[in-house]
Amino acid sequence: MLIAASLAALVLLAVVGVVAGGREITHRLVHAGCAVASIALLIGGLTHLGAGPGGSPAIVLPLGLPWMAAHFRLDNLSALFMVVVDLAAAAASIYGIGYCRHLPQVRRVTPFFPLFLFGMNAVLLADDAFMFLVSWEFMSLASWLMVLSDHKSAENRHAAVIYLVMAAFGTFCLLTSFGLMAGAGGAYTFAAMRQAELAAVPAFLVVLMAVLGAGSKAGLVPLHVWLPLAHPAAPSHVSALMSGVMTKVALYGLIRILFDLHGEVPWEWGAALMVIGGVSAVLGVLYALFQDDLKRLLAYSTVENVGVAVIGLGLGIAFKDAGEPALAALALVGGLYHIVNHSIFKTLLFLAAGAVISATGERRLSGLGGLLNRMPWTGTAALIGAAAISALPPLNGFVSEWLILQALFKGPGLPHWAMKFGVPVVGAMLALAGALAATCFVRAYGIVFLGRPRSLAAAQADLHPTPASMRWTMAVLALLCILLGALPVTVTDALSAVVQPMTGMHFAVSADLGWPWLSPVSSTRGSYSGTMLVMVGTALFAIAVVLAHGLGTRRVRRADAWDCGHREDIPETQYTGQSFSQPLRRVFGGSVFLARETVEMPEPGERSPARLSVRMIDPVWVGLYDPIVRAINFIADRVNRMQFLTVRGYLLMMFSTLVFMLLVVAWRQQP
Amino acid sequence: MGAGQISYDVAHLIGATVLMAGLQLLYQRRLFAVINTFAFQALALAAAAGWQAHVQDAPHLYVTAGIALVFKAMIVPFALHWLIEKLGIHRSVETAMSIGWTMMAGVALVALSILLVLPVTANAAALTRESLALAMSVVLIGLLMMITRRNAVTQVVGFMALENGLILAAVSAKGMPLVVEISVAFSVLVAMTLFGIFFFRIRERFDTLDINDVETYRGDRQ
Amino acid sequence: MIELLIEVAQVFLVVALAPLVTGWVRLVKARLQGRIGASPIQPYRDLYRLLQQEAVVAHSASWLFRAAPYVTFSAVWLAAVLIPTFTTDLVLAPAADLIALVALLGVARFWTALAGMDVGTAFGGLGASREMLIASLAEPAMLMVTFSLSLVSGSTAPSQIIAFVLSGSVGIEVSMGLALAALVMVAVAENGRIPIDNPSTHLELTMVHEAMVLEYSGRHLALMEAAGMVRLTLFLALIGALFAPWGIAQPGAGATEMALGLGVFLAKSFALASALAVFETGIAKMRVFRYADFLGGALLLGLLATIFLYVSEAV
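Residue numbers (my numbering), protein chains in the order written: chain S, 208 to 878; chain Z, 560 to 781; chain R, 6 to 320.
Simulated from the structure, these hints should not be mistaken for lab results. As the structure is a computational prediction, the values presented were derived from the model and not from experiment. Cβ atoms here follow ideal geometry from the backbone N, Cα and C, with glycine treated the same way. Check each hint, because a few of them may be wrong.
[Stated by the list, open to error] Only some residues are given here: those of chain S computed to face chain R with a beta carbon under 8 Å:
1) Ser734
2) Ser736
3) Val743
Make the full structure from the sequences, and use the hints.
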């Protein structure tokens, strides 16, 4: 009831948003309304999760086409994702109350923001393919419109076009997947699809199309190309939702099809997903490492984190198919934990980026710096977010990565040789991605918040104080990063209940040692306790402070930076984002991105500066999309000629099509 | 777990040292370092043969060990050192593929040989499987070295590392006659001599040892 | 009660020992280079002297700069507490396994690198950038070592691995050898020793770790230096415990075995420290862009260690 009312309220708010016009107060009201509705939905999701396993009965509503009723249902999986979506949505909405004041194009955002939230929640609640796809399109189109909100910039228009193409492609794939599951009978409800028996080829196609469709929305390599363009183009609180949450809704679609509707996915798909996930993780973070645009960096890092979560899902499939439900549950809990975590810290980081951009008007790393002194709230919250996304204990990002690694370490026990050899390689990729993520965020955080300001705007950031609503949202999200890391057992217990119907077995990660120890597999296998680490770590920290202050002096003197005696006041002498990632560009750039560095030195005696220019090529774009675009252009040219045929020519075409169809029918009727 | 197990373990450890030396060959950037590493590999090979002679109680394997020690670990490296200095060959390794990628390819080849050996010898004891996998990896890495390194000297070293792999396989399997090893050893010597002559000839004609230049002359490249 | 005492001893043992081990390495190196060298307890005096000096903080530094030494030190300390030294019977041992240990060292590195960038000097950024380059390959290598150890022993917890090795059910595994080689390479890199970094250099262009802590002074510098010493001792203890665990006291051991364990631990630490000094004396520092080959090699060795287990039927 609460949920239905909130969803209705969101639609209503969208209408209000349309008529809002130029008055600032209405925009703030709409965002506040969205916040209230999301919090209501969040409570709805949480209460359902707390109530234990089992879904609510399906609700049939006479919506949509006259002969097709709309089915809705809330089970543990959708409740979990509802919590994920609406937690971030509530944060983004509250943040939006203060943020929309700084937004010039706010009139083109406000109407669609509630619709976007509505679409995401409706996808989670849908219990039939029709409602699912319609809501999916709501989500896509609303976000697309917001990507286009700042349509004056050519870059954004380009991003919007690519996004639209990829979204259409994704929906098409999902439509095919659902269509194959529904079969000729057209049983479009999820309940009927669960019962359906599929032959080998359609079963293969169902999974393939689901992976392509959901993968393109989630940003898996090589379908990620739209993501780093589109996510940063939207206003920051929308970017936060697109990156932090919409990718998760896509993963929800993947999980729903692979673990619920389809049910029996063979292990080869698990292996394929693990490889895709591993490649996405490594490539995503490498892309992120070389970005100069703060928001694009965050978007690429989303590709990485989605990859990490997908490794967990793929491993879950492989274990499930091999008859290891406990290990499958462990891998899935790890994957879902990472989904929850990423939605929190990515939202936090995007909101922090939004605060930085609205205070300085600058989103290039090379124009920022020294903001921790000028924006202490944002800086501190972003520090926690950066540490969490770098998978550092005792924060939440580490716990999920630890769980996935623990599951991976059991992977060589799988019976297939491909997995025995593949698992260590994927393990190495995951480890590499984790370490590179830390490098990436040391770079991003260090360049943006530390050091000396690299531009006047950054130096004067304290002239534009961050509104309280934005500050508090970030503080709460940062606190959640700490809590989810310090109390991991609470989270895994809830996730175990969600995973139970997917693996058919109840498995608690903390079963062996009890609270607060995580001990997957068994107590001698290796265990972790964020709670203990926090307690002991704090004690040691206190001892260190007391020792250092007790044995020595507490005096502090402020002075100029020493810098090995090179006294200078030019902030340009600092390391920049480009120079920070230069060693890694040398290591990975040459082979992965075909990076070429050219140095133009002036002739001796000339006064012109030397220039270092770097050219990097996106291998996915050049290798995959350019040929496709060329092929499409080629075909389009050919098809174009058909517009100028004679009447007889058109008749011939129709006739041959008819004969072809008849032949197909005749062939199909053979016993 | 017994005395037999330990002797197997030691044999494998020595075999793994040979393999490690093979991977080290791929890692080196200096010609002298390559040759020293090769000498080390031959030394490990001699140890492997000696250990097998001790374990299998097969005195003829001591001869194999001796051949490896004297020819491969001493004479050949000295000869190559001498050649390089005599010919004034450029001292750095010229790579056709970066070190990092070659190393990755090397590890992939090891994985491949493990994958190949396992099903073939499913019934054999773990001892044979492990030795075979090791030997095959060494052979493949030798081949890789020949493919990815341009300089003729490194190609010779790659070829001889390949031979080392074959001998490692021969000493690990029981009952391999001595003839095989001697012939292998001799073929190496012959190859050495041939390559030595080749160096002089190539040098005389092209004033370089870069295979690329030879190919250009042949018309393979423009 | 006795458990608590053991735990407290464990907490302070490594920290108390770390300067001595560092001093020992310096002494052995000095002797090898034909110098007399300072007394091995010189690092204690250095740390105490630094604590007495006032801390100078640059104008442009933020609160992070002042917090980082404490966080770095306590993160490394926490990691050291979790490694079994003289006994495996530790109350806190289940709190973290080897994966968490790697990540705890990552926390220290994260803060040190950020602190290096905080003042906004060229050297700080240079150090941070290089340190993260090293870490981004060394950390996965160490995780792969953990992977292969967990395959051999069925556990990622150091105490369980030690118990497994001591039980004698593992022979001389090729994989263990490969893992040891990889771990040694990682240890060299993580501690900034030759050939990766030179701990005693102050030549700007060759330093990595020193460049990050260049702006520190007084008690902040003392903590940073102490963190480095603890990390070195931690790695020596880890290598000694995992690959040569003989003599370590098992659960249920009496006072004699504890004392023996302590003696063996000290002997192992100083033996490994001497080996490090010999190694460092005999080798030259490598170029920055060779790090990737070196550490990539360590990563591949770790991977190889895992794959090799399939041949020896350990899985």
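Here's how the hints hold up against the structure:
1. Ser734: 4 Å, holds
2. Ser736: 5 Å, holds
3. Val743: 6 Å, holds
Of the numbered hints stated above, none is contradicted by the structure.
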